[in-house]
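Participant: With the hints as constraints, model all of the structure from the sequences given.
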Amino acid sequence: MSESLYKLVYLSRNTIGGDAEAQRREIERILAVSRQENPRVDVTGALLFSTARFAQVLEGPRQALETLFERIQGDPRHADIVVLLFEAVARRRFPKWSMGCMIASPEATRHFATLDNVLDDETRQQIGERLYTLLQEHLLDTPDTPDTAR
Amino acid sequence: MSSKTRTTDAPHDQAATVAVETLSVNADSNIFAQAASLASVGLAITDAHDGVLYVNEAFATLLGIAVPPAEGHSLSEWFASIMPGAYAPLAPLLARPGNASLNVECRDGRMVTLHIGARGAATRLISATQTARPEANGKSPVYCDPLTDLGNRQSFENILSQWAPFNSQAQPLAVIMIDLDRFSQINDTLGHAIGDALLKLVARRLNAVTHAEDTVFRLGGDEFAILHLPCMQHGSTESLARRIVELLSRPFLIEGQQVNIGASVGISVLHFGTQETDNLLKHAELALYAAKAAGRGTFRFFESHLEARALERREMELNLRRALGLKEFKLVYQPQVCLATRQVCGFEALIRWDCAQRGLISPTEFIPLAEEIGEIHHIGEWVLRTACQEAASWDNEMTISVNVSPLQFESDSIVATVWDALTSTGLAPERLELEITEGVLIGNSEAIMQRLWEIRDMGVGIAMDDFGTGYSSLSYLNSFPFSQLKIDQSFIRGEQSQKSRALVEAILTLGSSLGMATLAEGVETQIQFETLARSGCEKAQGYLIARPMPPEEIGAFCLTQHSRPCHPSLQQ
Numbered sequence: 172m173s174e175s176l177y178k179l180v181y182l183s184r185n186t187i188g189g190d191a192e193a194q195r196r197e198i199e200r201i202l203a204v205s206r207q208e209n210p211r212v213d214v215t216g217a218l219l220f221s222t223a224r225f226a227q228v229l230e231g232p233r234q235a236l237e238t239l240f241e242r243i244q245g246d247p248r249h250a251d252i253v254v255l256l257f258e259a260v261a262r263r264r265f266p267k268w269s270m271g272c273m274i275a276s277p278e279a280t281r282h283f284a285t286l287d288n289v290l291d292d293e294t295r296q297q298i299g300e301r302l303y304t305l306l307q308e309h310l311l312d313t314p315d316t317p318d319t320a321r
Numbered sequence: 105m106s107s108k109t110r111t112t113d114a115p116h117d118q119a120a121t122v123a124v125e126t127l128s129v130n131a132d133s134n135i136f137a138q139a140a141s142l143a144s145v146g147l148a149i150t151d152a153h154d155g156v157l158y159v160n161e162a163f164a165t166l167l168g169i170a171v172p173p174a175e176g177h178s179l180s181e182w183f184a185s186i187m188p189g190a191y192a193p194l195a196p197l198l199a200r201p202g203n204a205s206l207n208v209e210c211r212d213g214r215m216v217t218l219h220i221g222a223r224g225a226a227t228r229l230i231s232a233t234q235t236a237r238p239e240a241n242g243k244s245p246v247y248c249d250p251l252t253d254l255g256n257r258q259s260f261e262n263i264l265s266q267w268a269p270f271n272s273q274a275q276p277l278a279v280i281m282i283d284l285d286r287f288s289q290i291n292d293t294l295g296h297a298i299g300d301a302l303l304k305l306v307a308r309r310l311n312a313v314t315h316a317e318d319t320v321f322r323l324g325g326d327e328f329a330i331l332h333l334p335c336m337q338h339g340s341t342e343s344l345a346r347r348i349v350e351l352l353s354r355p356f357l358i359e360g361q362q363v364n365i366g367a368s369v370g371i372s373v374l375h376f377g378t379q380e381t382d383n384l385l386k387h388a389e390l391a392l393y394a395a396k397a398a399g400r401g402t403f404r405f406f407e408s409h410l411e412a413r414a415l416e417r418r419e420m421e422l423n424l425r426r427a428l429g430l431k432e433f434k435l436v437y438q439p440q441v442c443l444a445t446r447q448v449c450g451f452e453a454l455i456r457w458d459c460a461q462r463g464l465i466s467p468t469e470f471i472p473l474a475e476e477i478g479e480i481h482h483i484g485e486w487v488l489r490t491a492c493q494e495a496a497s498w499d500n501e502m503t504i505s506v507n508v509s510p511l512q513f514e515s516d517s518i519v520a521t522v523w524d525a526l527t528s529t530g531l532a533p534e535r536l537e538l539e540i541t542e543g544v545l546i547g548n549s550e551a552i553m554q555r556l557w558e559i560r561d562m563g564v565g566i567a568m569d570d571f572g573t574g575y576s577s578l579s580y581l582n583s584f585p586f587s588q589l590k591i592d593q594s595f596i597r598g599e600q601s602q603k604s605r606a607l608v609e610a611i612l613t614l615g616s617s618l619g620m621a622t623l624a625e626g627v628e629t630q631i632q633f634e635t636l637a638r639s640g641c642e643k644a645q646g647y648l649i650a651r652p653m654p655p656e657e658i659g660a661f662c663l664t665q666h667s668r669p670c671h672p673s674l675q676q
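Read top to bottom, the protein sequences are chains A and B. Every number in the working numbering is 171 more than the matching position in the first sequence, counting from 1. Every number in the working numbering is 104 more than the matching position in the second sequence, counting from 1.
Certain hints may be false.
Here are a few chain A residues that sit away from chain B, every Cβ distance over 10 Å (derived from the structure) [what the hints assert, rightly or not]:
no. : residue
1   : 191
2   : 193
3   : 194
4   : 195
5   : 221
6   : 261
7   : 262
8   : 264
9   : 266
10  : 267
11  : 294
12  : 305
13  : 310
Ranges between beta-carbon positions, derived for each pair [claimed, not checked]:
no. : chain 1 : residue 1 : chain 2 : residue 2 : range
14  : B       : 599       : A       : 294       : 35 to 43 Å
15  : B       : 606       : A       : 184       : 41 to 49 Å
16  : A       : 223       : B       : 601       : 38 to 46 Å
17  : A       : 184       : B       : 428       : 52 to 60 Å
18  : A       : 184       : B       : 517       : 48 to 56 Å
19  : A       : 247       : B       : 295       : 52 to 60 Å
20  : A       : 223       : B       : 350       : 12 to 20 Å
21  : B       : 583       : A       : 251       : 36 to 44 Å
In case anyone wonders, no lab produced these hints; they're calculated from the structure. If you're wondering where the values come from, they're calculated on a predicted model, not measured in any experiment. Backbone N, C-alpha and C define an ideal beta-carbon position, used for all residues, glycine too.
Facilitator: Dropping the structure here:
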């Protein structure tokens, strides 16, 4: 990896609406697009989703993440985006996932906080790291793409 | 969440699709349609009866018109409504089937050449190109902001000045003005490269949030404007404004940094409070000020009272700039007594403005304005000199307290101003005390500390005013050896609650342990006076002792104080 590798963790409010089935379909759509687009720009990551929240972890070249984040920002399917972590990393922790997915109950995501931009930096970082680890542990044995030499 | 529902080039795609469907030719036309939509040459295709089938973006833009001819409408009528001058020579050319070309002058003075193609069985192509014509100064006017690729203020004004509805109905038109909150801090702290990248992203977000018939401009700096055609099917202007505020408050990631800004939005709508297109920008700006005054990160529509208020403000500004020259300011003096000896020990100078036009105006009203327009420096200087002069005329050692605005401390000249006031009046520096609020210290700048120390080193006292309100950070007390803490009157006046009494006691303890004198403001009753005296407060000021008085009454007041150790009212 010649260009600097970064990780991005953000939290947002799910605004998809509709019943569980509608939600599931929309998530599938999001995942399908991500799994198609992300490999092209060398981005890997995972999405945690509940009917209340999204949390997404993305890893990849800084420029690619910044471009992708602008696109994500314009997506009407979520709101109140809080960036928890955006920093350089030595290596990927989701090398096998173009976009892993974990479904959580709204209760489980509730403790990821008040979605306020008033969160102080330290709290943000803590929540970000917790999410990062949670997703990584959960997705340990379920790669969404065949193990390629990434 | 990485799929994208709407892209900035969606208008092109839509237009291209229209063209493809309408022309119903083979798949190659896709290529042409795409190329046409992106061409810098203006292109319009009509049917055999002058009805518009397709126009690309460049067509209206080249002619300097915000609103392109609508599909299905007559192109001639569009010309008639937007460029009546060009219509007369153009109409016969459009009526004939053959080739023709015509130079037309846009209202901004540019010349555009219209090439009218021969009329086919079903279609006719009309193209527009800029006619090369050097300006008087050899430069052609620039209409584009090179950083964001948006139109600039010039093009915004051109388009607005030429705006005319192309149907007989009063087509609503809105100007949405956007100003970024905290942009200058970003520029200062993260650098111009990040500031510029941020502006580009803001432009992109604005383009993404608006509809095809809206146009986004960068007026300059961090100021953007949108010419918006309110339209039922896209929801209200209000929801667009709300969406802009929301979208720009979302974080940006730039060069490995997270950047958070916000936006304030002001909106004016033609025929809704604004009758002239000329006033749209001004009214949107006034609405923007209102949005900022409401705490930023929000939007406001223009309302006529905003204009009245702006006029009133401008008038007050003019009056304020003249007030010193017209000698409309005067100082009144409120006595301060020592609680132990019950003797008058000094006076606080307070400014009054008796405006010839408007009568008495409260300092709480005009000081913020004076600070905003920079007049505070002249006024502050006058106050200092006048107060020192007055105190120098007293034949005892009473002190004089003068309020100084945080703004005065932002300039080095405050040190010289204090020095001049002392030397020109001969007042002993120990008798002067400057009252500052914590606003002076909030920036925590070294330069300000330096100025405070220089003034203190002259022997002048520095008191912390309004203590207990605002942040009242203890670190401020630690940062400078204040000569006195003035306890804010809100803790003293009226029925004192248990809590405010506890706070007053705490401040008194704080003052005595830090070696700072304490003065209670707003003392109104004998009970308050006695309580403060028992608690160890050193000085008091308030209506119980006396209201602020003109200088000519000071002598008599002090005489009555001398003859009785206590002010009469203290014995009631």
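Participant: Under the constraints set out in the numbered hints, which ones does this structure not fulfil?
Facilitator: 19
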